[in-house]
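Chain residues, written in single-letter form:
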Amino acid sequence: MSAIVTTRGLVKRYNGTLALAGLDLDIGEGEIFGLVGPNGAGKTTTLSILATLLQPTAGDAEIAGLSVLRSPDRVRRVLGFMPDAFGVYDDMRVWEYLDFFGRCYGLPADRRRRMIADLLELVDLADKRDSYVQGLSRGMQQRLCLAHALVHDPSVLLLDEPASGLDPRARVELRELLRELRTLGKTILISSHILPELEELCTSLAIIDHGRVVAAGTVGEIETRLRAGAVFRARVLGDGAELEAARAVFAADPGVASAALRDDGVVEIGFRGDDEGAAALLARAVGAGVRIASFARAASDLEELFLQVTAPNHVDEAGPGPADGGGG
Amino acid sequence: MAQSVTTARRGPRLRGRFGGLTAVAVKELRGRMRGRRAFALITLYVGTLALFAVAVYQIARTAAESQAALGGTSPFVSAQVGQAVFAGILLLETLVVVFLAPASTTGAISLEREKQTLDLLAVTPLSSLAIVLGKLFSALTWVLVLVFSSVPLTAIVFVFGGVAPEDMVRGYAYVLALAVGLGALGLFFSAAARRTQAATILSYATVLVITIGTGVGWLFWQALASQPTSQQPVVIQRGVDFAVPGKAVDVVVPEPAATSAPSSSSTLPGPPEALVWLNPLVAVADIVCGTDTDPYSIACTAVASVTGRQVAGTGPIMDLPAREEAVPVKVWNGAGGWVDASNNLGAVAPQFSSSTRDNVWPQGALAWLVVGAVSVALSVRLVRPGGRLLPRTPRRGPSPEVTA
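Taken in order, these protein sequences are the chains called A and B. Residue 71 in numbering that gives the first Met the number 0 sits at position 72 of the first sequence, with consecutive numbering throughout. Residue 361 in numbering that gives the first Met the number 0 sits at position 362 of the second sequence, with consecutive numbering throughout.
For reference, chain B alone in the conformation it holds in the complex (with noise of 0.2 Å):
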């Protein structure tokens, strides 16, 4: 008897919690998916991504096979190849989620406001949470879809090698924190503007401030943090040779700007990694760093110069045991002819293997799950009407004027 008073309070009030939920996704994605045009649009997104894939495969085929020709790597030119395919495919549905994320919810909370339909939501026992997520869960949804949609596409790296599963659950797992935190950012901007298109505006500029806004920023205040100083430190570090297997060549490399810092005559320290955690170009160029063979490639250039680290891909390069005896080593330091960099040898200790991978993208994937989770809890304080982000000071004003 006891128990079915229980349950009979319970029932209703989950249902209640979760069936909101799913009133608003059930109807958001009715009205997304209806018709022809969501999958025409979905045919035409993994067409176009099926284009692009091709197109890099050619590209990586010709480099390759030219490199070959010279004698290069032939082992890994199929190698190579998968790894340019899965970085193109990752970077464009970045892109595309980068793009249609926002998109695809700023109009989620305005456009309910302009249509006069949210008085009627609000009036409902929905919470306010539920709304915000229902709007959310069913526009990433949408983009998921197209997302995902896309996974047979990137399965076609298998079959050229050079890229584990893993990998590609790592570029699937950013783009999915991405997508969750780029859609509630619009979610709020929907919340928080009067208009459609004021959210809209807001939510790109913001976007645009995340990507390209960061990179830029960090550029410059590296470029204000390192001035010029007459002698780059260097640093030797020892890998293969990918050409004779097990020869240990030295290679010079510059000294890692964080680690530079003391030698360094500027006095602004270098850029923090976090500002460049949102960045979703860094999180793909660490995850595509991580199947790459070659640790001066594009990616993981980019990668080591924000971390400070150096890092390397998966590929042959090894940890091998620091050299005992010194090694006379000559640098040319771009101006003033050769130095002698002998007395850098071990400065730092060579890093292959303990930052090879996820040096960037865990921390950028977690900042997009915060901002989402923040962008939601402000969305709930805005979306019925009246609301407002800070909590109502109770205003000691003169009592309202009641007169008979």
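So here's chain A without its partners, still in its complex pose (with noise of 0.2 Å):
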């Protein structure tokens, strides 16, 4: 798989600030490619860049092989991007607002009326046509806003935290969606400050953080490279007693680090080891008699792991250190 986006050494600084400190990227053709990092962390200065709204103090970024520095005009024909916050020109219908940027790019009159048809279905909004863009839910909005990167039919999609600010329904509709685009062969790069919502969706992942990038790799590689050990959550079913046998069970598996009964009936169970190890310890479990109603890695274990790698900066935001004493 060859990289179509790649950056090398990005810097940028914003007097004095510094946003990106050499940024290495390299996205391959066809990912759908998660950029996760806390606010801050440089997630939006390296769309720009990658867009071409922003040059970076220092270092370059290819997409398709085309400098965004040196030849910005042919890299904007080859990608379309959604930003962060976008607004939504007022008295427009949304035929119009996608006939508008068709003609941007310089669209003959018959491609766009195919393009705009297309898309509409795309995003599910071919109902919607001719309804006044600024009436449109913030949901479809966003879809909208979507379809408008998509009319000269990029290769390359830069979404910067397309799902802010949407319901569980509507990020759902996004992220079947965005499926959808990768099977047209579409290489996605998406920006998130939230690890779920990207987990699932990604092929791969970079962790960035104070503008550097912290991991990169395919969410699997990430897990096994960022874990120290995963949680797993196991709900057994009984009274007090039978439920601390179960505890005493996970408890002397080799693999297990830790056992933890909470009040709810449910086994926190700190685990070193690999899928493999995962499915003997429950087989193990079974066979030992537990009742196990319900066995799964804690939802959110990337997300605490994500916490952990990028907390170690933030310890001079965090708070009152140690010295002051405390109150309290």
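Hints are computed from structural coordinates only; laboratory data are not their basis. Think of the CB as a built atom: it goes at the ideal place given N, C-alpha and C, for glycine as much as any other residue. Mixed in with the good hints, there may be bad ones.
[Said to hold, decoys possible] Listed below are the simulated EDC-like cross-link pairs for lysine to aspartate or glutamate, each with C-alpha atoms no more than 20 Å apart in a straight line:
(1) A:K185 with A:D25
(2) A:K127 with A:D89
(3) B:K114 with A:D83
(4) A:K185 with A:D152
(5) A:K127 with A:D90
(6) B:K114 with A:D123
(7) A:K185 with A:D123
(8) A:K185 with A:D90
(9) B:K114 with A:D89
[To be verified] If you want the ones that stay clear, here's a sample from chain B, every Cβ over 12 Å from chain A, calculated:
(10) G34
(11) A39
(12) V45
(13) V55
(14) L69
(15) G87
(16) I130
(17) A191
(18) R194
(19) T199
(20) L207
(21) V208
(22) T213
(23) W220
(24) G307
(25) L365
[Claimed, not checked] Taking beta-carbon pairs under 8 Å as the criterion, some of the chain B residues facing chain A (in silico):
(26) A22
(27) R33
(28) A37
(29) P384
Could you fit the two chains together into a complex? Lean on the hints.
Right under this line is the structure:
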């Protein structure tokens, strides 16, 4: 898989503040690549540089072999961009909105007509064709904005926080839409500060913090690299004694670092090992007669790891240090 | 084969350039002209202008009739009414442009910034020039629709006479140039200022300086430059008595400011004409004066004092051969009684025919077009995010700290 988007030593300084401190990224063709990091990590700056909206202080980035510094005009033709915060024009109908951007890319009238019909179908806004843009819900506007980024059939899509401000249902719809776009052969770069949002969707991830890549690779690779231990949660049936016995069974396993019983009958297991080990652990527990209603890797474990990875850099912002003695 | 390659290369590029411009213009115009609002505004505007024209007509007619009643210039009454209506409409239209043209563009870029739509535009292959010109074009189209919707109304003056079609063309040509310049100026402030509010304030402050400021500044300068002298130099100019065709009369006029500089005791030279080139009122006065029969009308006097040349309209004043013999002329000097001004005769040759028309307004129109071009050029530099007026100076600072 060849890289279609690469950045080399991207540095961006705003009036002395270092937003990017030498960012290197390689994004393979056809991937859905997630850029994760806390607020202020440099996600939007990175995407703005890739979208030719910002010039890096140092370094360069290439999209489809075109430098964003040397040939921004040609880069603009191969990428579609959906900014984090975007507005919509007043006094404009949905089809006019897409027609306008089609004209911006110099598409002839017949191709624009077809493109508008296709895209509205794709983002499920066909029945809103003649509605005013400002009258659409936030989720619909988001989908329309995504459609606008597709008018010229770009090979690379840059989406800055596409799911922010969406309700859960709209998020699911967006995710489905992105999967569909991937099957159309688009490379998609998504940023988010919420890891689980990307975890299920992305093929690869880069966690960035303070303008630097902290970890990058496929979702699985990152998990194994970051994970000192996974957290499993097992909901066990039975009364107090049975629960305590179950906890003891888990705790006895050599791969388990800790096993704690919560009030709601869930055993939290700190587990060092791979998926094979987890399967073996479950088999042993079932074999020992523990009645397990559910056994799952804690959904937010990567999130917790993510927080661990990015946390040390935030110590200085975390409030009064130990030297203050505290009060209370 | 080779030909098809070149056309294939050139076609999209050309289309991209003009298509981009039309993309922005079409989008803007769709928004502006949608619904009843635009048409209601045009109706209101033309209606107001019509009422105004009727008012000017009534006033001019009353004045002309009373003049005619004194046995004055009855053959010219109709022409005078036409000229007054023309002057009134042209003045009002100029004011409309002065107020509307900047307002139509002060939000062009800054509103996109405020509504966060500028980034969407900036990542398209649209050139900055296409964005700026598309915005300007659509904004001006709207203003010019208003202005040109008044053409039929202005044409009423032809019923009265006294105004040539060329005068009307002059008037609309100037208003067009003024609209381009002011619109581009508003666009520049819109691109330079972060907020529309700031852009609006800056635009109108500039318009105020250009319209009222330059006029007041000119008057102030002139007051400083022309120190009172004991004897105001005068010249004798020849004209024709309206009432008695063919009879020549001598007219005593103060010597124009520019030519009086040597005899004046002041050290400061008179204000340069260029100071008021951008002043729309002076240009309108010039165009109106072009139709005037009376070289001492308000409009012509203003133009004469600005240019330092005597001007006259198209009226029955005509060029006469300069007199050979000296004629004794007594002139009231304002303080010391009558003085003999005969020796001033011929100091300045009458210049009626040399400068009847187009004294200031062509320069004014050209100046506005230059302002427009400069504003567009500066706006182009500012329209994309991170744009700056001056080219970025390569700073040789310490290399960014890239630590592992």
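Status of each hint after checking the structure:
1. Distance restraint check for K185 of chain A and D25 of chain A: the Cα-Cα separation of roughly 15 Å lies within the 20 Å cut-off, and the hinted pair is therefore satisfied.
2. Only pairs whose Cα atoms come within 20 Å are accepted, and K127 of chain A paired with D89 of chain A is accepted, the gap being roughly 16 Å.
3. Simply put, K114 of chain B and D83 of chain A have alpha-carbon atoms about 13 Å apart, close enough for the 20 Å limit, and the pair holds.
4. Of the pairs offered as hints, the one joining K185 of chain A and D152 of chain A holds, with about 9 Å between alpha carbons and a cut-off of 20 Å not exceeded.
5. Proximity of K127 of chain A to D90 of chain A is assessed by CA-CA distance (about 15 Å); at most 20 Å being required, the pair is judged to hold.
6. Using a Cα cut-off of 20 Å, the hinted pair K114 of chain B and D123 of chain A is violated, with the two alpha carbons roughly 25 Å apart.
7. Pair hint K185 of chain A plus D123 of chain A holds up; C-alpha atoms about 19 Å apart against a cutoff of 20 Å.
8. With a C-alpha separation of about 32 Å, the suggested pairing of K185 of chain A with D90 of chain A is violated against the 20 Å cut-off.
9. With a CA separation close to 10 Å, the supplied pair K114 of chain B and D89 of chain A stays within the 20 Å bound.
10. Listed as a non-interface residue, G34 of chain B fails to keep its Cβ farther than 12 Å from every Cβ of chain A; the least gap is roughly 8 Å.
11. With a minimum CB-CB distance of about 16 Å to chain A, A39 of chain B clears the 12 Å threshold, and the non-interface call stands.
12. Against chain A, the non-interface label of V45 of chain B holds: every CB pair exceeds 12 Å, the least being about 24 Å.
13. Every beta carbon of chain A lies more than 12 Å from that of V55 of chain B, the smallest distance being close to 37 Å; the non-interface claim holds.
14. Every CB of chain A is more than 12 Å from the CB of L69 of chain B (nearest about 59 Å), matching its label as outside the interface.
15. Remark: the non-interface label on G87 of chain B is consistent with the geometry, its nearest Cβ contact in chain A lying 35 Å away (cut-off 12 Å).
16. For I130 of chain B, the requirement that its beta carbon stay farther than 12 Å from each beta carbon of chain A is not met, with the minimum near 9 Å.
17. Distance check on A191 of chain B: its Cβ is at least 19 Å (rounded) from any Cβ of chain A, clearing the 12 Å threshold; non-interface status holds.
18. With a least beta-carbon separation of about 15 Å from chain A, R194 of chain B lies farther than 12 Å from that chain, consistent with its non-interface assignment.
19. For T199 of chain B, the shortest C-beta to C-beta distance to chain A comes to about 18 Å, beyond the 12 Å cut-off, and the non-interface label holds.
20. No beta-carbon of chain A is positioned within 12 Å of the beta-carbon of L207 of chain B; the least distance is around 29 Å.
21. Remark: the non-interface label on V208 of chain B is consistent with the geometry, its nearest Cβ contact in chain A lying 32 Å away (cut-off 12 Å).
22. Every C-beta of chain A lies more than 12 Å from that of T213 of chain B, the closest at about 37 Å, which supports listing it as non-interface.
23. Distance check on W220 of chain B: its Cβ is at least 44 Å (rounded) from any Cβ of chain A, clearing the 12 Å threshold; non-interface status holds.
24. Every CB of chain A is more than 12 Å from the CB of G307 of chain B (nearest about 51 Å), matching its label as outside the interface.
25. Separation of L365 of chain B from chain A is adequate, the least Cβ-Cβ distance of about 34 Å exceeding the 12 Å criterion.
26. The interface hint given for A22 of chain B holds, since its Cβ lies 3 Å from the closest Cβ of chain A, which is under the 8 Å cut-off.
27. Taken as an interface hint, R33 of chain B checks out: its beta carbon lies about 6 Å from the nearest beta carbon of chain A, inside 8 Å.
28. At its closest, the beta carbon of A37 of chain B sits 11 Å from a beta carbon of chain A; the interface hint therefore is violated under the 8 Å criterion.
29. At a threshold of 8 Å, the smallest CB-CB gap from P384 of chain B to chain A is about 5 Å, leaving the interface hint in force.
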